[in-house]
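Student: Protein chains in written order, with the working numbering: chain A, 1 to 120; chain B, 1001 to 1097.
No lab work stands behind these hints: they were computed from the structure.
Careful: at least some of the hints might be erroneous.
[Stated by the list, open to error] BS3-like cross-link-like pairs, simulated, lysine-lysine; straight-line CA separation at most 25 Å: (1) B/Lys1017 / A/Lys61; (2) A/Lys59 / A/Lys100; (3) A/Lys59 / B/Lys1081; (4) B/Lys1076 / B/Lys1017; (5) A/Lys100 / A/Lys4; (6) A/Lys59 / B/Lys1017.
For clarity, every value in this text was computed on a predicted model and none was experimentally measured.
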Amino acid sequence: MAPKRTLIVCRKPPYGNALAREALDVALTAAVFEQPLAMLFIGDGVWQLLDQQDSAGIKQKNHSKVISAFPLYELTELYIDADAMQQRQLSHDHFVVAVKPLAADELGDFIARFDTVLSF
Amino acid sequence: MTLHIVNKSPDQTQCLKDCLRVFRPGDGLLLIEDAVYGALVNSPYAALLQNRPLVYALIADIEARGLSAMDTGSIKRINDKQFVDLTVQHSPVQSWY
């Protein structure tokens, strides 16, 4: 039986609550067990991808350092809501990993390709 | 004068807009945690916050989120000690979350 394809949808910015961090924990766990996994960053979730995060001053674990390790876990199916990027005037240069942009009219069909969707 | 402290991203909740409804000239407004995204000049909320006196954003939260190099315009970046000073200088202090 083919393994189920899972999509993790990230809608929250990092640090303000635990959801962003928990999504990364799920992603890394699934990767260790070699489950097919993709992540989609939409809305405020795109803030998670910013480079140059320095969380020492708020005594929390650095979110972008974990994301920068994704390629080591072969977590490379990373997608971003292009509208959310544009609204926040962000470019790919701002991000800590390579992400593939999806237009607003592609998002619904993209999500529908997965067996399971986990929303954070 | 009241110090208003907002801690949610303006894209997630009504906190910022609700706060500004009751904000009086002379009140202070401090953006902390996810509210610091609203401090960016490139934010869709810049028109609500830029060129307004007594608007502050906490440096530790700006640094944590990787926003240090981005333009926060007229909004004053303050450290934790200045945060404490603001709470002492104002009464009451209202949190919006």
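Student: Does each hint fit the structure? Answer for all of them.
Tutor: Evaluated hints:
no. : hint                  : verdict
1   : B/Lys1017 / A/Lys61   : violated (30 Å)
2   : A/Lys59 / A/Lys100    : violated (31 Å)
3   : A/Lys59 / B/Lys1081   : holds (16 Å)
4   : B/Lys1076 / B/Lys1017 : holds (20 Å)
5   : A/Lys100 / A/Lys4     : holds (22 Å)
6   : A/Lys59 / B/Lys1017   : violated (29 Å)
Hint compliance for this structure: hints 1, 2, 6 are broken, all remaining hints hold.
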